[in-house]
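Please take these sequences and the hints and turn them into a complete structure.
Now for the letters of each chain:
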Amino acid sequence: MDHLLEIQNLEVKFRLRSGEVTAINDVSFFLDQGERVGLVGESGAGKSVTGFAIIKLISKPGFISGGKVLFEGRDIAGLSIEEVRNIRGNRISMIFQDPMMTLNPVLSIGTQMTETILAHKNVSKAEAQAIALDKLKKVHIPSPEKRLDQYPHEFSGGMRQRIVIAIALLTDPAVIIADEPTTALDVTIQAEIMDLLSELCESEKMALILITHDLGVVSQVTDRIIVMYAGRIVEQGLTRDVVSNPRHPYTKGLIAALPESQQRGKALSQIPGTMPSLTDMPQGCSFHPRCELVMPICKEKVPELIELDNKNALVACHALAKGGAS
Amino acid sequence: MNTQAKPLLKLEDVYKEFDVTGGFWEQFRWENGRPVRKKAIVKAVNGVTFDIYQGETFSVVGESGCGKSTLARTVTGLLQPECGKIFYDGDRIDDLSYSQKTPYKKRMQMVFQDPYASLNPRFTVRKTLEEPLFFHYPELTREQRLDRIAEVMEQVGVHPAWAERFPHEFSGGQRQRISIARALMVDPEFIVADEPVSALDVSVQAQILNLFMEAQEKRGLTYMFITHDLSVVAHISTRVAVMYLGSLCELSPGGEIFNNPRHPYTKALLSAIPRLGEKKAKHIRLKGEVTSPLHLPSGCVFHKRCTYAKEICTQEIPTPFTAGDNAAVACHGVEQGWVG
Ligand SMILES: Nc1ncnc2c1ncn2[C@@H]1O[C@H](COP(=O)(O)OP(=O)(O)O)[C@@H](O)[C@H]1O
Ligand SMILES: Nc1ncnc2c1ncn2[C@@H]1O[C@H](COP(=O)(O)OP(=O)(O)O)[C@@H](O)[C@H]1O
Ligand code: SF4
Ligand code: SF4
Ligand SMILES: [Mg+2]
Ligand SMILES: [Mg+2]
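If you're matching them up, the sequences are chains C and F in order.
Numbering-wise, full-length UniProt numbering puts 40 at position 40 of the first sequence, and it's gapless, one number per residue.
Numbering-wise, full-length UniProt numbering puts 276 at position 276 of the second sequence, and it's gapless, one number per residue.
What the hints contain is simulated information worked out from the structure, not anything from laboratory work.
Hints may be right or wrong, so weigh each one.
Claimed, not checked - Below are the DSS-like pairs computed for lysine-lysine, each with C-alpha atoms no more than 27 Å apart in a straight line:
1) Lys138(C) - Lys282(F)
2) Lys205(C) - Lys282(F)
3) Lys287(F) - Lys137(C)
4) Lys267(F) - Lys266(C)
5) Lys287(F) - Lys43(F)
6) Lys43(F) - Lys138(C)
What the hints assert, rightly or not - Reference excerpt, derived from the structure (chain F facing chain C, CB under 8 Å, subset only):
7) Ala5
8) Ser64
9) Ile86
10) Gly173
11) Ser198
12) Asp201
13) His235
14) Glu289
Note that the coordinates shown come from a computational prediction; the quantities given were computed from them, not determined experimentally.
We put the CB at the ideal spot given by N, CA and C, even for glycine.
This is the structure in structure tokens:
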């Protein structure tokens with residue numbers, strides 16, 4: 001069966017003064033129509049680079065050094081710049097933590113929206129304005145007619161993020177990649193934006209890749225979770241399974257370290273150390289210096305992502321490989 | 001809490017404002033055909049009263065801009081309140097001169113959110129940790145100072161052999177350990193920590209929270225812990241103060257506030273926490289838009305967003321009253337029984 005989006009063995013490198021480093025290593029996953037997938041992990045895990053690589057937005061000193069990104073069956077890597085442009089920001093839209101990555105501070109919201117529509121669709125100016133208004137209504141901006149003439153600085157952070165979502169919707173995308181869309185917002189506003197994204201996925205039949213470090217947020221919004229560590233996928237599964245029964249030692253440690261996992265006032269369970277930097281990647285399983293279950297093989301061989309009890313549950317860990325390790 | 005106990009810190013009706021009018025010419029506005037000179041005042045902290053008791057972890061929560069950091073800086077004497085009184089261990093400290101403040105600076109220390117910004121990049125760890133000793137314990141010999149540094153570094157989990165390294169050679173978590181070490185150097189009684197784990201990843205956050213809890217147990221420290229992360233608050237707090245636009249909404253024991261939030265804002269805030277594994281939890285929607293501290297609403301500062309608001313809320317400022325076991329709530333609706 002063809003997936004809407006399929007990432008196969010994606011690899012991204014950065015050319016640093018000290019030499020080449022691999023930021024994304026052998027990353028493979030898929031996304032079906034209308035599906036919501038969470039890409040989680042701590043900072044530096046490679047979530048954003050993965051998001052950017054999907055829409056071929058990796059710029060120097062980075063480059064995609066391997067793998068395929070199949071969108072509706074076609075490899076984006078093999079397309080011309082024109083064709084990629086047509087997919088990016090049209091069929092696949094991206095939302096960032098900072099709304100000002102998308103918004104132009106010196107143009108009114110209405111101008112920005114109609115310009116985007118006119119660039120992508122063959123419609124009149126009046127029609128473009130009608131579309132803009134419709135999308136602002138979809139993201140629940142109060143009195144949208146009045147808001148069209150206003151500039152980004154006249155909106156609160158939460159409202160700006162709504163406008164960015166409205167802009168993302170302009171071209172009726174099949175996929176939205178949202179990179180930490182609520183990380184800079186207060187919890188009450190975060191909850192509203194997450195409600196909005198969920199609602200839109202349903203009403204617009206959009207698929208969502210939600211990139212975040214917040215396990216609580218993904219657990220509320222997504223169908224599946226992909227956990228990344230040091231540039232690789234370490235665990236994948238249905239959200240409810242991963243959250244209630246994490247399998248990989250890192251995912252287990254991450255969930256156990258959440259304050260809500262412990263009784264009040266008790267010492268929190270902690271993972272020792274920190275994530276390695278790209279220039280200092282350990283051999284074998286990159287989690288081994290922090291792992292309680294480390295075995296000799298872990299220091300030599302990178303564990304492959306293998307199926308556990310069902311095809312949705314994948315884990316990269318020697319200790320969980322069938323028949324044990326070595 | 002132990003209402004008989006003497007408070008270590010006492011705030012009485014504290015106000016702090018900032019004049020954000022800008023330059024001379026920016027103060028003029030055209031109104032009714034002529035220029036009017038207007039000041040823009042941010043009312044960051046508005047009549048806050050509470051006590052912090054010896055040995056407790058007193059948390060202050062609320063969304064960004066509600067005045068948490070301003071409160072922290074006012075308590076530690078970095079800012080002078082416009083109005084109100086602050087007492088430390090029975091002594092009034094808000095109106096002291098610079099030199100009069102010195103003994104209190106040793107007894108209360110501050111830890112900030114961003115260890116990148118709060119550590120001097122040109123100082124080695126040793127130099128950073130030595131400074132407070134020079135200032136507060138000038139009588140110590142070099143050897144005594146180095147012993148003390150090694151001891152505290154050990155306690156916060158940074159290898160003493162790394163004393164000659166610079167901040168950039170450490171990870172974010174390690175840097176926060178060094179900031180905590182700096183606060184502990186002078187053996188304080190009271191630490192005000194402003195979002196000390198907000199910049200850290202979950203696995204590192206757990207390490208640092210454990211360090212705070214350990215240090216408290218070993219040294220009998222009292223904490224004023226400021227954060228916007230409610231799951232952190234739920235874990236570590238003895239009591240929790242909830243702020244909205246510079247005012248205290250609710251002050252309750254830690255367990256109580258999460259099981260039985262009373263103030264409408266506390267209810268909304270708690271319902272919005274994305275909890276692990278509870279898909280699509282219903283949260284309380286606030287009405288209207290974010291209110292600015294430049295134009296504080298009359299009456300209850302929350303009334304424009306409160307779904308329970310009635311006429312009285314737009315006119316009279318609610319004063320905190322005691323509700324249940326040691327809980328104080330500032331809300332007309334809770335007081336008069338129309339907020340359930
Ligand atoms: N422009 C760049 N140059 C060098 N390294 C980079 C660059 N962008 C990202 N990286 C590195 O790639 C890794 C993954 O980064 P990123 O995808 O941003 O992580 P995440 O989004 O999970 O926090 C990190 O180690 C980061 O330092
Ligand atoms: N030095 C300052 N000058 C002007 N306004 C300030 C200053 N510090 C804080 N404020 C304002 O005071 C209010 C409270 O800020 P702050 O105490 O930092 O809130 P919090 O820490 O809860 O996010 C905000 O509106 C902020 O913009
Ligand atoms: S492969 Fe080895 S080191 Fe890596 S997570 Fe599994 S047990 Fe731990
Ligand atoms: S005083 Fe009124 S407006 Fe304020 S929180 Fe209570 S019910 Fe709501
Ligand atoms: Mg990122
Ligand atoms: Mg602050």
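Hints, one by one, checked against the model:
no.	hint	verdict
1	Lys138(C) - Lys282(F)	holds (20 Å)
2	Lys205(C) - Lys282(F)	holds (22 Å)
3	Lys287(F) - Lys137(C)	holds (17 Å)
4	Lys267(F) - Lys266(C)	holds (25 Å)
5	Lys287(F) - Lys43(F)	holds (22 Å)
6	Lys43(F) - Lys138(C)	violated (35 Å)
7	Ala5	violated (19 Å)
8	Ser64	holds (6 Å)
9	Ile86	violated (28 Å)
10	Gly173	holds (6 Å)
11	Ser198	violated (11 Å)
12	Asp201	holds (4 Å)
13	His235	holds (4 Å)
14	Glu289	holds (6 Å)
Hint compliance for this structure: hints 6, 7, 9 and 11 are not met, and every other hint is.
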